[in-house]
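Asker: Letter by letter, the chains look like this.
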Amino acid sequence: MTQDLLRILVVLPMYGGSLPVGRYCAEALRGMGHSVRIFDAPFMYPAFTGLRRLALPAAAEKQLENSFLRLVSQAIWAHAEAMEPHLVLALAQAPVSRALLERLRRAGIRTAMWFVEDYRIFDYWRLYAPFYDVFAVIQKAPFIDELARMGQRGALYLPLAALPDFHKPIALTPQEKQEYCADIAFLGAGYPNRRLAFRHLAGKNFKIWGSDWEGENLLAANVQRQGARISEEESVKIYNASKININLHSSLQTKDIVSHGDFVNPRTFELAAMGAFQLVDERSLLGELFGADELATFTSVEELYAKIDYFSARPEEREAYTVKARTRVLQEHTYAHRMSRLLDCIVKTGGNWPESGAADVSSPDVEPELQGELEQLSHKLGLGPHAAFDDVIARLRQQSGALSELETSLLFLDEWRKQYLPKQP
Amino acid sequence: MMPVLVLQGARFGDLVQSKRLLLTLKNRGETHLAVDKSLLPLARLIYPGIEPHGLNLHGRPNWRALEENRKCLALWRGLNFQAVYNCNFSPLTAALCRHFEPERVIGCRPSASGVLRSPWVRTAFRLSEKRPLTPLNLEDFWAYFAAEPLPADKVNPCPTPGGRGLGVALAGREARRSLPVPLLAEIVRCIFHALDGPRIRLFGTKTEQPTARKLMRLLSPKMLERTEDLCGKTDWAGLIEALEGLDMLLTPDTGTMHLGAHLGVPVLAFFLSSALCHETGPYGQGHHVFQAACRCAPCLESTPCRADLVCLTALRSRKFLSFLASFVEGKAYDEKPFPKDLQFWKSGLDGFGAHFQLCAGEDGYARQRGFLRRHLGGLSPLPLTACPQGGIPNVPSSEMLAWLYQDADWMLPPERYC
Chain Y
50 MTQDLLRILV VLPMYGGSLP VGRYCAEALR GMGHSVRIFD APFMYPAFTG LRRLALPAAA
110 EKQLENSFLR LVSQAIWAHA EAMEPHLVLA LAQAPVSRAL LERLRRAGIR TAMWFVEDYR
170 IFDYWRLYAP FYDVFAVIQK APFIDELARM GQRGALYLPL AALPDFHKPI ALTPQEKQEY
230 CADIAFLGAG YPNRRLAFRH LAGKNFKIWG SDWEGENLLA ANVQRQGARI SEEESVKIYN
290 ASKININLHS SLQTKDIVSH GDFVNPRTFE LAAMGAFQLV DERSLLGELF GADELATFTS
350 VEELYAKIDY FSARPEEREA YTVKARTRVL QEHTYAHRMS RLLDCIVKTG GNWPESGAAD
410 VSSPDVEPEL QGELEQLSHK LGLGPHAAFD DVIARLRQQS GALSELETSL LFLDEWRKQY
470 LPKQP
Chain U
636 MMPVLVLQGA RFGDLVQSKR LLLTLKNRGE THLAVDKSLL PLARLIYPGI EPHGLNLHGR
696 PNWRALEENR KCLALWRGLN FQAVYNCNFS PLTAALCRHF EPERVIGCRP SASGVLRSPW
756 VRTAFRLSEK RPLTPLNLED FWAYFAAEPL PADKVNPCPT PGGRGLGVAL AGREARRSLP
816 VPLLAEIVRC IFHALDGPRI RLFGTKTEQP TARKLMRLLS PKMLERTEDL CGKTDWAGLI
876 EALEGLDMLL TPDTGTMHLG AHLGVPVLAF FLSSALCHET GPYGQGHHVF QAACRCAPCL
936 ESTPCRADLV CLTALRSRKF LSFLASFVEG KAYDEKPFPK DLQFWKSGLD GFGAHFQLCA
996 GEDGYARQRG FLRRHLGGLS PLPLTACPQG GIPNVPSSEM LAWLYQDADW MLPPERYC
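From first to last, the protein sequence lines are chains Y and U.
Here the first sequence is numbered in the numbering used here, starting from 50 and rising by one per residue.
Here the second sequence is numbered in the numbering used here, starting from 636 and rising by one per residue.
Read the hints as simulated data drawn from the structure, not as lab findings.
These numbers were taken from a predicted model, which means no experiment stands behind them.
Mixed in with the good hints there might be a few duds.
Among chain U residues calculated to face chain Y with C-beta under 7 Å, some are [unchecked claim]:
1) Arg663
2) Gly664
3) Asn704
4) Arg705
5) Ala709
6) Ala730
7) Leu731
8) Phe735
9) Gly749
10) Leu751
11) Phe962
12) Glu964
13) Ser1032
14) Leu1036
15) Leu1039
Each computed DMTMM-like pair below joins lysine to aspartate or glutamate, with the alpha-carbon atoms no more than 20 Å apart [claimed, not checked]:
16) Lys706/U <-> Glu416/Y
17) Lys467/Y <-> Asp943/U
18) Lys356/Y <-> Glu366/Y
19) Lys467/Y <-> Glu702/U
Even for Gly, the Cβ is constructed at its ideal location relative to N, Cα and C.
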């Protein structure tokens, strides 16, 4: 039944690392033909930060923050009421309260969380996991077992992934090459273990991109743009432009610079999908995701330094790794693969999707002569050629400025159908 | 000056009631009007000098119709409208407005989340929450989409009997707004005698033909000799020709009524059920309306009547027929007994627009309506004659203030569409 076209509401967090992951999930689901809406919680974030800046008494601030979160939950519910989704997919830290989860359950809407965080650091999952139908995580034992013990029947190991249409090899302009090219590069936040590891590379052609590098005097010349935040779009250019991308998983510890943790970060999959060479620290779950000839790894900083030198001089070997890694990602580690597994798990846990209300039930049969134009429009809107009609409409609504004749006509058609066609039961 | 477009996607009556806005804009420059294509011939007839465009707005959607609309949109792109006046709070016309830069759209503006209302449209919708109090005629509502609209007395000719007899519009769009046939027959008989046996013309669509036959069965042979059933037999031009010069048009709240007012035909209207003369009464100086004023009026046409159609009781009384006869004969009716739960209003015009003056019956909302009209009058540089100074409080009740000035109106940025 996961072949069914579903209506899915993806609830993003207001901020943080799982934000782009949520957007990638939505894109992948759309690519699979589902009708997807995003609850863009980041739009609400300025209201929250504004509240903090008012310097209210602590007790009052806490009360107002709770009220604010209730308001956000109400906004999500309003979205769900309007859309009547089959599934609400929340990403880690999404502002979905327990009360809202109960409400969604009562309404017959299934819920899933993709908890793309380290369960040891973010332990709020204990409170929320029982309220979701499926709780997908990026770590295995003992986390999965612990979820099962709590009664979560839909605990699912779901490693991160890449979005091939976005994380792809690209050609850079001469200006971009000048800005982004480097022998060695790292993109990410300045965690303590990274600060220590990278000091040794300060004198090399080494560019550090990303935030939270303040006070790291030795690396000040390496940090680009004074540690400004880098967009997802720009990160693709940076990775593509660098001969060697260091991928050192973050750690709050300074004792072990290479933390030897379990989960594999998104950067691993993204770099591989782009065909960009990376040196990644060993993780206990990495071996089942990539072969030894697909990714070059290191287990200590000394090994990192040595491999930087080794691979700097061997472009052919770098290319051999990148070709294999990219092939593996495209075959097994895309967000489409992950979303497919997630939907399978939801069906396995809760049974088939309700028969009625597939996403395109009320979509009009498009005249053949318009089909070509519609596909071109889908492409222009960043959707696949077989995008659901509702998704095309949702994208059109978000466009600013004056629309073309075709775009306006489609919006009109959508309203026309709503007005004159009986609503599906 | 670049042309402007008025988008009026509603029905017959609404098209006629857009006249003050359309004439205002036409006097200022090239004006285009978009309507449902079924109304295109009418638009051409009643708005010469305004360029009409027909769109497929009603009926079941189909691709052919969509293609036709698309051609129209392509034409509009070339015209580069300076402003687009979207009259309807409707997702349909809002979707069409996406063809233009949002800031060019006036009235009801599309957005990602739905249809946004301008402050003026918001004000009007606020008034419609308390319908018996509202002093805003729909014609004026649309007229004030444009700043300083044409003076109200320049819109329609002064109603004048033309010697061509009595017109009877048989039904409104909603059945409960219309008089039941036996009651209508009694009223027609009364007027026929009071006017000394004029010609009678029955107006309606094909749907009203059975009603016409029922009515004619209740008329005397003498009346039948003088009666012409035009239901379903006229095109728009024929309807206009048949209406022109009538001495009186007897009608519920219909498009035909507005067309009559447009032509200067004296209107005698019966406003029942959801119809309210202050909102959609005939526009001009000197039309008359019998308005149901029972406690449940105005009601919602879409919900079943739980009051056993009490609004008809007053019209069935002898007092009413006697009053009606005096009025039609031109006799003094001030002292005539008048049934309760009914009002008799005469239309007038002032610096703001249309207003109705009570001629008989009681109006429990006069003070509030007077205050609201003064509130609206702030929009117009011309004097309001419809707001007698005596009896209207300058400061309304706190409850009314709280309704008129809601938190979001002043705490959130002004002049915003929402």
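Asker: Lys467/Y and Glu702/U were given as a pair; does the straight-line alpha-carbon distance stay at or below 20 Å?
Answerer: holds (19 Å)
Asker: Go through the hint on Ala730/U and say holds or violated, using the shortest Cβ distance to chain Y against 7 Å.
Answerer: holds (4 Å)
Asker: Have a go at the Ser1032/U hint: is there a Cβ in chain Y nearer than 7 Å to its own Cβ?
Answerer: violated (32 Å)
Asker: Closer than 7 Å between Cβ atoms is the bar; does Leu1036/U clear it against chain Y? Give me holds or violated.
Answerer: violated (27 Å)
Asker: Is the interface hint satisfied for Arg663/U? The criterion is a beta-carbon contact with chain Y at less than 7 Å.
Answerer: violated (23 Å)
Asker: May I ask you to test the interface hint for Phe962/U with respect to chain Y, counting a Cβ-Cβ separation under 7 Å as satisfied?
Answerer: Given a least distance of 43 Å, the restraint on Phe962/U is violated.
Asker: Can the restraint linking Lys356/Y and Glu366/Y be considered satisfied, given a maximum Cα separation of 20 Å?
Answerer: Holds - the C-alpha atoms of Glu366/Y and Lys356/Y are around 12 Å apart, at most 20 Å.
Asker: Does Phe735/U meet its interface restraint, that is, does its C-beta lie within less than 7 Å of any C-beta in chain Y?
Answerer: holds (5 Å)
Asker: Holds or violated: Glu964/U as interface residue toward chain Y, Cβ cutoff 7 Å?
Answerer: violated (48 Å)
Asker: Using 7 Å as the Cβ threshold, decide whether Arg705/U counts as touching chain Y.
Answerer: holds (5 Å)
Asker: With a cut-off of 7 Å, does the beta carbon of Leu1039/U approach a beta carbon of chain Y closely enough for the hint to hold?
Answerer: violated (27 Å)
Asker: Restraint: Gly749/U near chain Y, CB-CB cut 7 Å. Satisfied or not?
Answerer: violated (9 Å)
Comparing the model with each numbered hint stated earlier shows that hints 1, 2, 9, 10, 11, 12, 13, 14, 15, 17 do not hold.
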